[in-house]
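Now for the letters of each chain:
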Amino acid sequence: MPPSSRRKKPRVVLFAAAVALLATASWLMSMGDSSPPGSAKRQVEFPKSPRTSEWQRIESRRTYQAPSPTQAAEEEIIDQPLRDPLLYALASGPGETRVVIEANALRHSPLGELMIDCLRPQESQEFTRLQERLGIDPLADLDRVAMSGSAVVLTGNFGRLNWEEFEEASDSRAHGDAGTIFQPRSDAGAVAAVWRDELIIFAPEAGAAEEAIDRIEGRLQAEPALAEGESYGEVYGRISVEQLVALMGLEQDELAGRLRSAAKEVDLHVDASGDVAISADIRGPRGSELDDLGRSLAGAISLARLEARRQGEAELAELLDFAGVQRGEGQFTLELALPLELIRRHLQDACGGPVALGLEE
Amino acid sequence: MRAVGHVAGDLLREALSRKWFMALGGVITLGLVLVLFSLRFEVVDGALATTRLFGEDLGGRGEAVELALRAIFEGSAWVVFYGGVTFGIVACSDFGPSLLVPGRIELLLSLPLRRWELLVGTWIGVLMIATLGAVYGAGGLTLILGWKAGVWTIGPVVAAGLASLSFSAIYAAMLAVSLWVRSAALSAAAGFLLFFAGIIAGYRDSILPAFKPGAGREIFRVASGLVPRISSLADDARAIAGSRPVDLQGLAFNVGGLLLFAAAALALATWRFEGRDS
Numbered sequence: 001m002p003p004s005s006r007r008k009k010p011r012v013v014l015f016a017a018a019v020a021l022l023a024t025a026s027w028l029m030s031m032g033d034s035s036p037p038g039s040a041k042r043q044v045e046f047p048k049s050p051r052t053s054e055w056q057r058i059e060s061r062r063t064y065q066a067p068s069p070t071q072a073a074e075e076e077i078i079d080q081p082l083r084d085p086l087l088y089a090l091a092s093g094p095g096e097t098r099v100v101i102e103a104n105a106l107r108h109s110p111l112g113e114l115m116i117d118c119l120r121p122q123e124s125q126e127f128t129r130l131q132e133r134l135g136i137d138p139l140a141d142l143d144r145v146a147m148s149g150s151a152v153v154l155t156g157n158f159g160r161l162n163w164e165e166f167e168e169a170s171d172s173r174a175h176g177d178a179g180t181i182f183q184p185r186s187d188a189g190a191v192a193a194v195w196r197d198e199l200i201i202f203a204p205e206a207g208a209a210e211e212a213i214d215r216i217e218g219r220l221q222a223e224p225a226l227a228e229g230e231s232y233g234e235v236y237g238r239i240s241v242e243q244l245v246a247l248m249g250l251e252q253d254e255l256a257g258r259l260r261s262a263a264k265e266v267d268l269h270v271d272a273s274g275d276v277a278i279s280a281d282i283r284g285p286r287g288s289e290l291d292d293l294g295r296s297l298a299g300a301i302s303l304a305r306l307e308a309r310r311q312g313e314a315e316l317a318e319l320l321d322f323a324g325v326q327r328g329e330g331q332f333t334l335e336l337a338l339p340l341e342l343i344r345r346h347l348q349d350a351c352g353g354p355v356a357l358g359l360e361e
Numbered sequence: 362m363r364a365v366g367h368v369a370g371d372l373l374r375e376a377l378s379r380k381w382f383m384a385l386g387g388v389i390t391l392g393l394v395l396v397l398f399s400l401r402f403e404v405v406d407g408a409l410a411t412t413r414l415f416g417e418d419l420g421g422r423g424e425a426v427e428l429a430l431r432a433i434f435e436g437s438a439w440v441v442f443y444g445g446v447t448f449g450i451v452a453c454s455d456f457g458p459s460l461l462v463p464g465r466i467e468l469l470l471s472l473p474l475r476r477w478e479l480l481v482g483t484w485i486g487v488l489m490i491a492t493l494g495a496v497y498g499a500g501g502l503t504l505i506l507g508w509k510a511g512v513w514t515i516g517p518v519v520a521a522g523l524a525s526l527s528f529s530a531i532y533a534a535m536l537a538v539s540l541w542v543r544s545a546a547l548s549a550a551a552g553f554l555l556f557f558a559g560i561i562a563g564y565r566d567s568i569l570p571a572f573k574p575g576a577g578r579e580i581f582r583v584a585s586g587l588v589p590r591i592s593s594l595a596d597d598a599r600a601i602a603g604s605r606p607v608d609l610q611g612l613a614f615n616v617g618g619l620l621l622f623a624a625a626a627l628a629l630a631t632w633r634f635e636g637r638d639s
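Listed in order, the protein sequences are those of chains A and B. Residue numbering for the first sequence follows the numbering used here, starting at 1 and increasing by one per position. Residue numbering for the second sequence follows the numbering used here, starting at 362 and increasing by one per position.
Bear in mind the hints are in silico, worked out from the structure with no lab data behind them. Do not take every clue at face value.
[Stated by the list, open to error] Mimicking DSSO-like on lysine-lysine, the simulated pairs with C-alpha atoms at most 30 Å apart in a straight line are:
#1 B:K573 x A:K48
#2 A:K264 x A:K48
#3 A:K264 x B:K380
[To be verified] Only part of the chain A face toward chain B is listed, based on derived beta-carbon distances under 7 Å:
#4 L28
#5 A222
#6 I301
#7 L303
[Stated by the list, open to error] Among chain B residues calculated to face chain A with C-beta under 7 Å, some are:
#8 L395
#9 A584
#10 L587
#11 S592
#12 N615
#13 G618
#14 R633
Don't be surprised by glycine CBs; every beta carbon is placed ideally from N, CA and C.
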């Protein structure tokens, strides 16, 4: 073997040893990091538009064809598109809050499963009694719960619902083609209305319930409260800034003032098909103010995250790891996520440990 | 191994003959003397009644003396750590390049020495200088505070040891760089680069979430993963000096990784050295 090859061989070994040592050093040092890299890097998919399954859901809900408002020739009636009755039942005035909760999808989501598992035997018995009294199983027969202004609308399969209690306490009358209004005899209590055994409306006064039925059946011309393309996620809707400020308990806060002046409304989407991902699109007429607000929020989240790490508040830091602000033209999107594992840990505490939850690993 | 010891001993003698290493010793001694004569304590039943530094009241009356002196121990650990590493990078940057000066290197290679022994001996010699300086300063402070306040803790000395260990990894990389470019300035620049990268790497868990998911985040994750966690070690040194709880497992992983990083840099330096004609 020539001397140069003899010398090359140990050199190759030295180089390989250097690389191997560096790799081992890197692995060892990563073990000493406060949290293993990658643990907090799990990707959370934030809701941005309807997925294929959600488009299918939207299509399956186009069940009603409203008669032509002009009562004209039959061919014009055929031209009326099929519609989702719920989206018309909700009031759609400017600045009106309207939120839809996909109760059935939520119940079958990992979050819903955790919540159901959390029910203690005593609570389960109460739930069974309620089921017998109502005549329906809310976990199976209730599809959506929606709120608009002061009205609440439920959709689902209410054919077996026990109306006796309503009928005893109310005067019922038909309204429109398929609606029935239950007007309570006393002043107390909300007016209830049922439409085609698939939609129940609770409203503070009969007029609001009648209007909702009129909107569904096309007698009252109105745009749907939410476009079909906006109905994705397990919770979605539009919240007025005032309502948002009140919900967050920020009435007296400086942030509330800035929100009121810069933003007009907030589009909310919550996806609970895995980790709970919350996306809030904040829009407003004053682009520069909104941009400043977005920047401030992004900075505040970063600072809070660093502070949480510094203070050793691992759980808060973990939550803030998934928070962020995406800025766009005339709007910004605030994204927040609750990892399922974190919810599971909290529910375990609240529900008496993993055995009660039936979630042993 | 005897050859390695001889090289290290020669380097130590060379360092001691340099004026600024003597000056370093003088500065540390001066600092200790200043602390000795300017810190005044009044300790009553294990509690600190008053503390005065240069005649100024430092507060903390009525506290347990261990707690009251925590800030002094922690502050001195940081000064020893960051000050020691910074001084080490500047003062030791020309040992590697001067080893390779034409004439001297030929002389060294004509001796019954293998090239790796020359490199490892130089590295150990520099590490000894760094450790001597750090332990002298921290040990002196421990003795002064122990004598004046009755608080005996080995914390500052352990912190000084951690500083020396951190410097050992930095110096191994500096030595490797000087085998590519025989320049004290570039060697020091490489040392400072690694030093600052190590400070950032220590906070990588806090910094990583600030990156958007994607290529930038992955590049930072991989690059920072290769660098010794200098700031984590500094934080641990401060915690040890202040008798605070330390994640010993994390510290062990960091120290182990640091030593392997130094070994990797020395292997790379030897690989380069073996490939040179002289």
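**Unmet hints by their number, sorted upward, for this structure** = Failing hints, ascending: 3, 5, 6, 7, 8, 9, 11, 14.
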